[in-house]
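Chains A, B, C and D, in that order, are what the protein sequence lines are. Counting the first sequence from 1 gives a position; the numbering used here is that position plus 146. Counting the second sequence from 1 gives a position; the numbering used here is that position plus 1. For the third sequence, counting from 1, position 144 maps to 127 in the numbering used here; every step adds exactly one. Counting the fourth sequence from 1 gives a position; the numbering used here is that position plus 7.
Think of the hints as simulated: they come from the structure by calculation, not from any bench. For glycine and all other residues, C-beta sits at the position ideal for the given N, C-alpha and C. Warning: the hint list may mix true and false statements.
As the list claims (entries may be wrong) - Below, simulated DSS-like cross-link-like pairs (lysine-lysine); rule was C-alpha separation at most 27 Å, straight line:
id	chain 1	residue 1	chain 2	residue 2
1	D	Lys266	C	Lys189
2	B	Lys9	C	Lys43
3	C	Lys11	C	Lys(-3)
4	A	Lys177	C	Lys304
5	D	Lys295	C	Lys202
6	C	Lys11	B	Lys9
7	C	Lys(-3)	A	Lys291
8	A	Lys291	B	Lys149
9	A	Lys292	A	Lys314
10	C	Lys255	C	Lys286
11	B	Lys9	A	Lys292
12	A	Lys292	B	Lys149
13	B	Lys9	C	Lys14
14	B	Lys202	A	Lys291
15	A	Lys177	B	Lys9
16	C	Lys14	C	Lys43
17	C	Lys237	A	Lys222
18	A	Lys148	C	Lys237
19	A	Lys314	C	Lys304
20	B	Lys201	A	Lys291
21	C	Lys293	A	Lys316
22	C	Lys304	A	Lys209
Unchecked claim - Going by beta-carbon spacing under 10 Å, a handful of chain B positions derived as facing chain C:
id	residue
23	Tyr61
24	Ala67
25	Glu116
26	Asn199
27	Lys202
28	Arg205
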Amino acid sequence: MKALIERLEKKFRVTDPVMQRADETFFTVDKADAVALITHLREREGFTHLSFLTAVDWLEDGKFQLTYLLNNNAMKADVGVRVFLDRERPVMESVHHLWKQAATYQRELKEMFGIDFPGSPRIDEPFILEGWHDIPPYRRDFDTKKYSEETYFPRPGRTTHDPADYMKQKLYPEE
Amino acid sequence: MSSKDLEKRRVTGPDGEQFDVDPMQDYFCQERPKEHEPANRIWESFLNWARAESLWILGYGTGCGAIEMRPLMTPRFDAYRYGIQWRPTPRQSNVLVIGGYLSVKTLKRVIRSYEQMQGPKYVVALGSCTINGGMYWDSYNTINRLDKYLPVDIYITGCMPRPESLLAGFEALKKLIREGKGEGQNLYARNFDEYKANQKKIIRDWDMPDYNW
Amino acid sequence: MADISKYRDFFPPKNPDGTNIIDLESHKFVKIWQGPQHPGITGNMSLELIIQGDEVMECKTHVGYLHRGFEKLMERRKFIQCFPLVCRIAVPEPDFNEYCFAATVEELAGIEIPEAAVWMRTLILEMSRLTSFLMHLGGQSGAFGLGVVAQWTNYVRDLMLDRFEEISGGRIYRMHMPPGGVRGLTPDGFDARMEETLRTIEDVMKDVDTTLFNNAVFKRRSVGLGYIDPAWVDLYGITGPNARAAGVPKDVRKDYPYLKYPELDFDVITAKDSDIYTRTDLRRREILLSIDLIRQILAKMPKTGEYMAKMPNVLHWRIPKGETYIRSECTRGEYGFYTVTDGSGYPRRVNVRGPSYTHAVALMERMAIDCNIADTAGLMLSLHTYPPEIER
Amino acid sequence: MGFEPIKILYSLLSLFIIFNIGMLINGITRKIGARVGRRHGIRFYQPYIDLVKNYALRSNITHGIMFYLGPVFRLTGGIGVYLFVPAIYGSEYFGNFSFAGDLVLITYFIFFGTLGMALGAGEGGHPYSAIGISRGLAQVTAAEIPLVIAFLGAAIQYQSLSVTEMVALQQGGIQNWTMVTNPLLTAVALIAYLGTMMRSPFDIVLAPQEIPIGPPTEYHSTFLGVLQTNRAIFPMAKTVLFMNVFFGGATNWGVLILKVFLIYMWSVFVGVVFPRFRVDHSIRWFYKYALPLGLVALAATSLLIK
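Could you build all of it, start to finish, from the sequences and the hints given here?
Dropping the structure here:
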């Protein structure tokens, strides 16, 4: 695993690798190098299976983190490729030509985070939501509780609590 | 169906002739639902008995609750004993079982299914999520109260309700019907505008006629 | 599978990449929706099919009817509060969600769970797998019109649910694996009752063997239909029984041993020529394997002992910044949770990797083409997809 | 051929009796199906309640004239078959309108209902109805050929086109039944019988999983009630016809009920343990096995009478 990272570091701009487990490593790669690195991993290093592709919203840093988790079944190892995007203009190169299911993941990311993948098939079609008009719901600045209370009729008589506060009141009142 | 399919358009037929198509006029009927008066008392109570003893459920698993519908219909609980049967098409069913939470996307289909059913028709709502949102009370995509959108006859509580409580719920529904209180369809027709306003408030891309039977 | 396109004349014309050119206005095609209100669909999803005659020319999967936004809801709940939520992601087998979530949280927080809890988790996961496969087998035969097998398998599934109830009190949502361990061990006399249930299942499986797997009509319908090329496995992200039936030995239980699977004796089940019949037969063998594994687990597991690790005050429980991905082998393939923490009391992001995601969308859209419209329901079921885990 | 006007009333009475037998057998059949699946199943009188319920629905919508007429045609097919089959042999009252060439008319009526349904289901406008009815027509046509061959064989054997005469020639014990005198022909007839009964493995027309639920997708309330009435009469009429031609007929209602029940159970027991064929499979199956067997049986019959 270490050897792999060293090989990658020679070719691509790979930074802060974290060995989470013996068979699982996460590292960050520069956005410009990302698709080249992923193609390299798939073609040369045997990481042929894309487990998933998802995003994390780092609202405070103004960044989106894309995570591609690639799996090498011969080596029994995973690498998580982190790519950071600018939160203002989140655009990323598509990898749908490498894996068929990547198009589906990218459709979901476009809908749920608003990250664009130009060229990905059916990227603009709604995937899960229908008639959504607010900001993409998985972004951190979207308040689901507020939206729910404004849109759907809360039943009178049901007092709704914030789960964390309520647990504190009920279970640990003295703290 | 997307809203694009429902726009007026000019079509060239197989024989080269051109003609206009307005799907909203051609495929749907835009009439309001009507209230139906019950027949005279004795005859109606006989009919109500028959309606109660023959509940045909629409086979639409809208949420988690659908998972307990299979045990309900199979040897352990066997709801067929009580005249509860299962039909695949809304036209032939009388009971719409809402199996738990409804996302906005499903609610649209549920409304269409409900309106296509022939009356008297009943709505049974399973689980806490149909009552007040339950587990998903703060979710941006699931409704909190079903009775704002459809006339609900019976709520069955639990997350999820066990088949025993489903059977008890259906018995309660039967009792309501025998007493002549299962008039959800008339309620819907009477308060049609209110229901429609609520439905349209959350279904943003309303691309169907107001009442599509 | 015989290539049908050879025998058909060249209609509809094809694009250079092999997809059909479809002009709906030409009146030569019909667009129909199979689902969401359709008995031949697994759960609440829909297929938008464009058919010509009886053959499907184009298929689009539509999901999202069950979207509850779990990944968003979990961001505003404390770690312990996520625990009752996660099991609701995939209804027929909630335990894999619980395990994966608990395992990611324990790994990030550095919690070691006691030996007995590890055994207990293995037992529950294996029971859950058996339960889910039983239901699936009934659905698969029901899709081809043999409802009686569905009745039998649902009956024994109910017996398994009784055993779950004994353990945890829950029938569908067991909620037995909070982060840190399990809520309890097996009750007294559990082994004997479990053994009796397993015997009943084995008896029923013999009947199923006679009625379903040796049935000429079922063979006629399913052999050669819905073939998965082994080359597709990585291209489409196929995992689990669907991949194993194509001859690719992918099984997380063997490849990335978790819980007590290294101590259990079993082989990865594979088959050749992944058509519907092979996949169904492979799942039958998986059921028998599961029964065997449950017996092994019950023989080896400790019946008493500590089952919950020492946990911090859950209200103030903060987990240091980190990210991890933990996978397990559920009935449909690789099931995994990717959890990101940021040092606060709430998860930053939890992403669920469900196997149905790839099977039901990309793969189904490819496989339905040129398939008879009467077979789409059977094909859909043979991929064993559960919509709630696609959209979460 | 003498005809008494009072026979009309008796025929209607006989129709009423067969309708009730049909309803009860439908209920019992479903109960048997449930028992194979280890369930209790519905109450045996449930079909009656369902029928009342369907007639009791308050609203019904229509898609046009043919939509109305579809179920009517279907019911006409069922009643037509029954009215021209002698229910009780030798009975003054329950011979129905059997006449010299009735077998030809009945063969026509068996197909009539499906054609009528095609018009109605087509007018319904639902794509599933159209798909279902085209499957239905294809399959019924495929099953119709061995069916007609079987009737033709019986006509050759008894040198008659009258069902009453066929029954007359089979009287005097089981050794005179077509089942015994010409087993090959009876086998063909029973295979064709399966094909026309809309039960597994030939029930793809009404299959809920493959396409819900075929021709009656749009039918509801009263229309469905008419179809249900037909579901009780039509299979019974067919079964009575088979009983007359191949199983020696019946001289009283008791024998009729017993024989009808046993013949009907043949399709039920095959039905509960088989999945369903796709329509192209079932057409191939009929042409590959039933048709050659029918031709062989026909040849054997013509040798037999020489």
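If you test the structure against every hint from before, which numbers come out violated? Violated: hints 1, 7, 10, 11, 15, 25, 26, 27, 28.
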